[in-house]
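Peer 1: The listed protein sequences correspond, in order, to chains A and B.
In my numbering, each number is its position in the first sequence, counted from 1, plus 23.
In my numbering, each number is its position in the second sequence, counted from 1, plus 23.
In short, the hints are calculated from the structure, not lab data.
A portion of the hints provided could be inaccurate.
One copy or two, either will do: identical chains are not told apart, so a pair holds if it fits within one copy or between any two.
What the hints assert, rightly or not - Derived DMTMM-like pairs (lysine to aspartate or glutamate); straight-line CA-CA distance at most 25 Å:
1. K319 / E77
2. K319 / E135
3. K319 / D34
4. K98 / D219
Protein chains: 2
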Amino acid sequence: MAVFTPVTATDLAAFLTRYDIGTATSFKGIAEGVQNSNFLLETTSGRFILTLYEERVDIGALPWFLALTTHLADKHLPVPRPIVDRAGIALQTLNGRPACLIEFVPGVSVTEPTVAQSHAIGVALGRLHAAVRDFTAERANNLGQPYWPEMAARCAGRSGEIDASLPDLIDAALAATADWPGDLPRATIHTDLFPDNVLMLEGEVTGLIDFYFACTDLRAFDYATTHAAWCFSGDGGVYHADRAAALAAGYAESHGLTAPETAALPRLGQGAALRFTLTRAYDWLNTPPDALVTRKDPMAFARRLAWYAGATPQMVLGGAGAPDAPLQQ
Amino acid sequence: MAVFTPVTATDLAAFLTRYDIGTATSFKGIAEGVQNSNFLLETTSGRFILTLYEERVDIGALPWFLALTTHLADKHLPVPRPIVDRAGIALQTLNGRPACLIEFVPGVSVTEPTVAQSHAIGVALGRLHAAVRDFTAERANNLGQPYWPEMAARCAGRSGEIDASLPDLIDAALAATADWPGDLPRATIHTDLFPDNVLMLEGEVTGLIDFYFACTDLRAFDYATTHAAWCFSGDGGVYHADRAAALAAGYAESHGLTAPETAALPRLGQGAALRFTLTRAYDWLNTPPDALVTRKDPMAFARRLAWYAGATPQMVLGGAGAPDAPLQQ
Numbered sequence: 024m025a026v027f028t029p030v031t032a033t034d035l036a037a038f039l040t041r042y043d044i045g046t047a048t049s050f051k052g053i054a055e056g057v058q059n060s061n062f063l064l065e066t067t068s069g070r071f072i073l074t075l076y077e078e079r080v081d082i083g084a085l086p087w088f089l090a091l092t093t094h095l096a097d098k099h100l101p102v103p104r105p106i107v108d109r110a111g112i113a114l115q116t117l118n119g120r121p122a123c124l125i126e127f128v129p130g131v132s133v134t135e136p137t138v139a140q141s142h143a144i145g146v147a148l149g150r151l152h153a154a155v156r157d158f159t160a161e162r163a164n165n166l167g168q169p170y171w172p173e174m175a176a177r178c179a180g181r182s183g184e185i186d187a188s189l190p191d192l193i194d195a196a197l198a199a200t201a202d203w204p205g206d207l208p209r210a211t212i213h214t215d216l217f218p219d220n221v222l223m224l225e226g227e228v229t230g231l232i233d234f235y236f237a238c239t240d241l242r243a244f245d246y247a248t249t250h251a252a253w254c255f256s257g258d259g260g261v262y263h264a265d266r267a268a269a270l271a272a273g274y275a276e277s278h279g280l281t282a283p284e285t286a287a288l289p290r291l292g293q294g295a296a297l298r299f300t301l302t303r304a305y306d307w308l309n310t311p312p313d314a315l316v317t318r319k320d321p322m323a324f325a326r327r328l329a330w331y332a333g334a335t336p337q338m339v340l341g342g343a344g345a346p347d348a349p350l351q352q
Numbered sequence: 024m025a026v027f028t029p030v031t032a033t034d035l036a037a038f039l040t041r042y043d044i045g046t047a048t049s050f051k052g053i054a055e056g057v058q059n060s061n062f063l064l065e066t067t068s069g070r071f072i073l074t075l076y077e078e079r080v081d082i083g084a085l086p087w088f089l090a091l092t093t094h095l096a097d098k099h100l101p102v103p104r105p106i107v108d109r110a111g112i113a114l115q116t117l118n119g120r121p122a123c124l125i126e127f128v129p130g131v132s133v134t135e136p137t138v139a140q141s142h143a144i145g146v147a148l149g150r151l152h153a154a155v156r157d158f159t160a161e162r163a164n165n166l167g168q169p170y171w172p173e174m175a176a177r178c179a180g181r182s183g184e185i186d187a188s189l190p191d192l193i194d195a196a197l198a199a200t201a202d203w204p205g206d207l208p209r210a211t212i213h214t215d216l217f218p219d220n221v222l223m224l225e226g227e228v229t230g231l232i233d234f235y236f237a238c239t240d241l242r243a244f245d246y247a248t249t250h251a252a253w254c255f256s257g258d259g260g261v262y263h264a265d266r267a268a269a270l271a272a273g274y275a276e277s278h279g280l281t282a283p284e285t286a287a288l289p290r291l292g293q294g295a296a297l298r299f300t301l302t303r304a305y306d307w308l309n310t311p312p313d314a315l316v317t318r319k320d321p322m323a324f325a326r327r328l329a330w331y332a333g334a335t336p337q338m339v340l341g342g343a344g345a346p347d348a349p350l351q352q
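Chain A with its partners taken away, still in its complex shape:
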């Protein structure tokens, strides 16, 4: 939540001469994302986001990320389009950082999703999966299932400092996800479609943002990640089956799950919850408590982990068997 690389008015004016978008009338650093420096830019011709990519992003994959979001914008998905300069180039360098000017889209990030919003994101996820069918370039998922034992090891036996139950939860999840449904259909997936990466306006999805964890992996793993992100209370303690049912219905409208994908949902959910438990635990153990970055609680995902370990496919879909599922009533 910070600007890491400053950009002065002079830097900006020189940068904008590469483009046909006029001159700056307003320019403010925005506190969005913990990975990049982002600025909201208004020029005499419109509004844009200027992103300078910092070290946490996979810099080598930037051409792939920008090709993906350009592809999605071309397919009329609500994905902010990278802006090209007069030479047709989107990826630039500014103040020693890779940089890109990106279309501004309106909308407000969701915080506590409603059932209607969960339906809308299900539809949007399905449209995303439909739109990448002809996006054939691949990027490996360097936070995927093969890496989880190594990611757990990087916490160096210290996860018990976060919560006494965490080491056992992680060990059990590593053992369970070692049996991984690796033969399910693969696709380009977002893998980080949390509510704060979605902009909405009057119930419509106006922006799907932050594709910097996108990769090629099991398509239904994207569904599981979105489910984990949207269908629980923030602390992971309450499962909202009504949101899960709405997510499933929305996704079925625009894409749909295959029978093997549906059968694998609890295992995929365990994987999604484990991935976020591990990255949050690492950040928690390696961020000073007094740093200005808000540390995200790893236990919020450890609780989801425990839920998925006892879930059936129907429960993940918000149907029979879920604690407050409509079908139970």
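Once you have looked at the hints, place chain B on chain A.
Peer 2: Quick look at chain B alone, frame taken from chain A:
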């Protein structure tokens, strides 16, 4: 440069019901100021800044600050106006913090001021001093001259850790400013009119912002602070007499200095440079080097301190005797 207090879409929607400004269409935390949480808000009726006041601001003085900026906006100064709710109230509470919705003004912060911009800010400072003649409410300057010995003591003898020359520079400046021209005219002053607190567009000042250090003190101390902020290179190593001459000419157009004020300029400049040397030194010594906040170099103002110690009033005005003053050529 961060958002300290999060505001969710739900928090925001409830907050906006107090106002007649429509509903949110975009809402982004902005990385402006190290003291408050600021958000850029767009609604169906316009654009606004939402500020949540954090602990570093003098919370008790918020009604005074907002009365001052409302007064200045009423006088057609380019000062963003606090927005009142349907009951006529500007100062609200949101998520446990004092909060205010403020008019959005266009413009881009200055970084390396030009001569023309220095002239423009001189004019704006004079207009500010003219506009507060009938603003009679007072606020003590708790970072003013009587407090400097105490502020130096708070660095607890550690200023030598920053630079070996710093303890002697501070001691000399404390001794010099003990002889303080306290009988000069008093007024409501900004005291922090640095380039990053000024928005400009095509040479015009479109915004004077961040009045949260404003107070009642020597009027010419505001001139001296503005001089210290605008007329040196960022590191304080180079004095730009051409900018100083433009600042003086601009201020003379809209307000002007009295003869005793002019005579006191070198001493006032020492005071201004000392005040920023001391606050920066304290922050430097008390901010972890790996914190996400950029620490501002105290030596940039210690160098200005040394310059003012050897300056004449004419040099401060950009005239004869200044290293690269036009009059020398």
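Peer 1: For each hint, tell me whether it holds in the structure or not.
Peer 2: Consistency of the hints with the structure:
{"no.": "1", "hint": "K319 / E77", "verdict": "both (20 Å within a copy, 21 Å between copies)"}
{"no.": "2", "hint": "K319 / E135", "verdict": "within (16 Å within a copy, 38 Å between copies)"}
{"no.": "3", "hint": "K319 / D34", "verdict": "between (34 Å within a copy, 20 Å between copies)"}
{"no.": "4", "hint": "K98 / D219", "verdict": "within (23 Å within a copy, 41 Å between copies)"}
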